[in-house]
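Fit chain B to the supplied structure of chain A, relying on the hints for placement.
Protein chains in written order, with my numbering: chain A, 128 to 226; chain B, 4 to 465.
Worth flagging that the hints you see were computed from the coordinates, not collected in a lab. Among the hints, a few may not be true.
As the list claims (entries may be wrong) - So the derived label-pair ranges between C-beta atoms look like this:
#1 A/221 with B/55: 52 to 60 Å
#2 B/169 with A/221: 49 to 57 Å
#3 A/216 with B/165: 43 to 51 Å
#4 B/160 with A/221: 54 to 62 Å
#5 B/76 with A/133: 39 to 47 Å
#6 A/220 with B/64: 36 to 44 Å
#7 B/165 with A/133: 36 to 44 Å
To be verified - Selected chain B positions facing chain A (in silico; Cβ < 8 Å):
#8 20
#9 28
#10 47
#11 52
#12 59
#13 96
#14 237
#15 350
All C-beta atoms in this analysis are idealised placements derived from N, C-alpha and C, irrespective of residue type, glycine included.
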Amino acid sequence: MSNEIEISLYVLVLAVPLGLELVRRVSPLLHTPLMSLTNAISAISVVGAILVAGNGGSPLLSKILGTIAVMFATINIVAGFLITDRMLKMFKKKETVSK
Amino acid sequence: MNDSFWQAAYIIAALCVVLSIKWLNSPVTARRGVLAGEFGMLLAVVGTLLRHEIVSYEWIVIAFVAGAAVGAPLAYLMPMTSVPQLTALSHAFGALAAALVGSAEYFKDVADGHPTTGFKMVAIVIESLLGYLTTTASVMAFGKLQEIVPTRPLTYKGQNFVNLLLFAFAAVLGVWMIMEPTPGWVFPTFTALSLLFGVLLILPIGGGDMPTVIALLNSYAGAACAAMGFALENRLLIIAGALNASSGFILSVIMCKAMNRSFTNVLFGAFGQAQTATASAASSKPVRSATAEDAAAILESARRVVVIPGYGMAVAQAQHKMRELSDVLGKRGVQVDFAIHPVAGRMPGHMNVLLAEADIPYDRLHEMEDINPDFPEVDVALVIGANDVVNPVARHDKNSPIYGMPILDADKAHTVMIIKRSMNPGFAGIDNELYYLDKTLMLFGDAKGFTGEIIKALSANK
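Only chain A is shown next, with the shape it has when bound in the complex (with noise of 0.2 Å):
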């Protein structure tokens, strides 16, 4: 095993408790933005598809497909945030409702 990939598996190892103890504490309330905001968070594979797309070293079919794929994960990142600010600005306080 290169030791590449064994760093790899120790960032997962970490993360997915990491990402269970966050999820779990997460309100209730939430769970909706919650849903789209990890969508948007892993839209940040635009990144891996960036990097196929742009490398010059990629034959044309590569480069195709990484376009195709930076368009999607764009759709994701732009629509998750945005929609999931819209729904969080719409939780509010008693005080803050208009009386």
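Below, chain B without anything else, positioned relative to chain A:
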């Protein structure tokens, strides 16, 4: 640009991502969480664009613009009732992006003359399998939510066997690709099988189970992203993917518990069977009904009212009227709270969003475990558009399909009022015992219209 710049950007982005979810633990800090996420994303993207191996930008910029042009209107124009559909679509997009990158990586290595095998191929196989199957499964879920695809479970004889066979075939191809360089047809076949498997996975699942399915697909999409991180040796992707996968996993477990589904059912995606409704004939037992004026009088003299909303309320667009009613009652000194069952909406937490949209303050929204002990002291439980989640049958009738499902204890309130169009049973097709109790009043009518009439009657008795 030297490597340490993007490396630093990635590390800070990873921190932002973690903080983003941490801040979502309370509505007070939640919007800060979104900002942190956006900042992390910006760093990651800029860092990547500055890497020396990126030489061509034109296509990437075009893809950015196209993506933003589609994404922004989606986010602003989607009505809140359709958020589950949008979520299903974004699972499809996210998973497809991951799968396409996996394919692109594969073809790049083939073109370079040294086809991938071994560990990197393990990552690409998992990434593509999960990515492609989640794509079609999410599109199917979208179709069921939007009711383009029939929402009832589609089953046929030997279905599980066919699915298993298909999956085994895909797995064999996957292992083959990991072991040694394969002929050109193998990867495309593997892709086609994964796509087909996603469709077959959703066919047997009923529309009512979509909350669990969406959460599960959320998890799969995250796992595909993490697998991409392994294929590209990019730890930022591993962290973000792992967070998303664990989030979807927890949400699907919560949904499962709320519907009393077993855990193995979730993992194998074989749920849905239990839902084949054992439609009991509508019983002819007598029920007591009441008019809007009667209801207004009872509500007015109550001290504490708990509203139990279901998806039917959202379908009737009655949440704004309900907020009006709770305001009118609140002004007369009646305490009005909302009891939210975990599966009240079409996805986890959906009902909270719908009520928040109607300007109901979130400290009035209570989770099932928090409010259930209060019901014996509640004067009126007002059920609107909900059915199975208040059916006492779930507590004691072992033969009922919903036996064991946790419910809101509406039957323990002093008086129960149910706004309902007719006596038709809910989606599980089960008769609701609650309707026949002596303390229950049926308010027959359209949820929005009837709530409006109660408000009118209340202002008339001023």
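Results for each hint:
1. A/221 with B/55: 52 to 60 Å: holds, 54 Å
2. B/169 with A/221: 49 to 57 Å: holds, 53 Å
3. A/216 with B/165: 43 to 51 Å: Taking Cβ atoms as reference, residue 216 of chain A and residue 165 of chain B lie about 46 Å apart, which means the hint holds.
4. B/160 with A/221: 54 to 62 Å: holds, 56 Å
5. B/76 with A/133: 39 to 47 Å: At roughly 45 Å between Cβ atoms, residue 133 of chain A and residue 76 of chain B fall inside 39 to 47 Å, so the hint holds.
6. A/220 with B/64: 36 to 44 Å: holds, 42 Å
7. B/165 with A/133: 36 to 44 Å: Holds - the Cβ-Cβ distance for residue 165 of chain B and residue 133 of chain A, about 40 Å, lies within 36 to 44 Å.
8. 20: With Cβ-Cβ at 5 Å, under 8 Å, it holds.
9. 28: holds, 5 Å
10. 47: With a closest approach of 5 Å, the residue 47 of chain B hint holds.
11. 52: Since chain A brings a Cβ to about 7 Å from residue 52 of chain B, closer than 8 Å, the hint holds.
12. 59: With a closest approach of 5 Å, the residue 59 of chain B hint holds.
13. 96: holds, 4 Å
14. 237: holds, 6 Å
15. 350: Residue 350 of chain B check passes; min Cβ-Cβ to chain A is 6 Å, inside 8 Å.
When held up to the earlier numbered hints, the structure conflicts with none and fits them all.
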